[in-house]
Amino acid sequence: MIGLSHLISTQMEISKVENLISLLKYSELKALQSQINPHFLFNVLNTMTSLIRTNPEKAREVTIDLSNYLRYNLDNNVKSVELIKELNQVDTYIKIEKVRFGDKLNILYDVDESLYNFQIPSLIIQPLVENSIKHGILKKEIMVVLK
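Residues 1 to 147, numbered by UniProt numbering, are exactly what the sequence shown covers, in order.
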């Protein structure tokens, strides 16, 4: 009887540890997802300030895109979303960045449409794209294609 009690107690402890590990992984993912690069916001706001004088209609478009971008980030408190939603968020991000980089920035998606409904961690693709832009375009004076 003591052996069975010890076994059950051990199983309960293992279950607690597994739950803590799962919670830690989830917390790490949420921390990564919540990081909106302040440099990105600063650059967008500076671009918008310039556009207000030179191209008010474009400034309005960028304002709407930034609003949509931020709304998606704030509204996505779920663990996973459909791939197509993440790709749409990347499109919004790219539209904003293209105002700054022009034709130096192009994105090409090579994604099988059958995967569009596949669930992935929310807010996970855009930071990778942002990093690619930072280390690709900012270092080179050529057109960059993201795949």
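Hints were generated in silico from the structure; no laboratory data involved. One or more of the hints may lead you astray.
[Unchecked claim] Listed below are the simulated BS3-like cross-link pairs for lysine-lysine, each with C-alpha atoms no more than 30 Å apart in a straight line:
#1 Lys104 x Lys134
#2 Lys98 x Lys134
#3 Lys58 x Lys104
#4 Lys134 x Lys79
#5 Lys85 x Lys104
#6 Lys95 x Lys85
#7 Lys58 x Lys85
#8 Lys85 x Lys134
#9 Lys95 x Lys134
#10 Lys58 x Lys98
#11 Lys95 x Lys79
#12 Lys95 x Lys58
#13 Lys58 x Lys134
#14 Lys85 x Lys98
Each hint, compared with the structure:
Proposed proximity of Lys104 and Lys134 is supported: the alpha carbons are some 12 Å apart, at most 30 Å. Among the hinted pairs, Lys98 with Lys134 is consistent with the structure: their alpha-carbon atoms are about 13 Å apart, no more than 30 Å. Restraint check: the Cα-Cα separation between Lys58 and Lys104 comes to about 18 Å, which is no more than 30 Å; the hinted pair holds. Pair hint Lys134 plus Lys79 holds up; C-alpha atoms about 27 Å apart against a cutoff of 30 Å.
Of the supplied pair hints, the one linking Lys85 and Lys104 holds, its CA atoms being roughly 25 Å apart against a limit of 30 Å. At most 30 Å may separate the alpha-carbon atoms for a hinted pair to count; Lys95 and Lys85 meet this at roughly 15 Å. Our distance criterion of 30 Å between C-alpha atoms is met by Lys58 and Lys85, whose separation comes to about 24 Å. With a C-alpha separation of about 23 Å, the suggested pairing of Lys85 with Lys134 holds against the 30 Å cut-off.
For the proposed pair Lys95 and Lys134, the alpha carbon gap of about 15 Å is at most 30 Å, so the pair holds. Pair hint Lys58 plus Lys98 holds up; C-alpha atoms about 12 Å apart against a cutoff of 30 Å. Under the criterion of a C-alpha separation no larger than 30 Å, the hint pairing Lys95 with Lys79 is consistent with the structure, at around 25 Å. A distance of roughly 11 Å separates the Cα atoms of Lys95 and Lys58; the hinted pair therefore holds under the 30 Å criterion.
In summary, the hint linking Lys58 to Lys134 is supported, as the alpha carbons are separated by about 23 Å, within the 30 Å threshold. For the hint linking Lys85 to Lys98, the alpha-carbon distance of about 20 Å falls within 30 Å, and the restraint holds.
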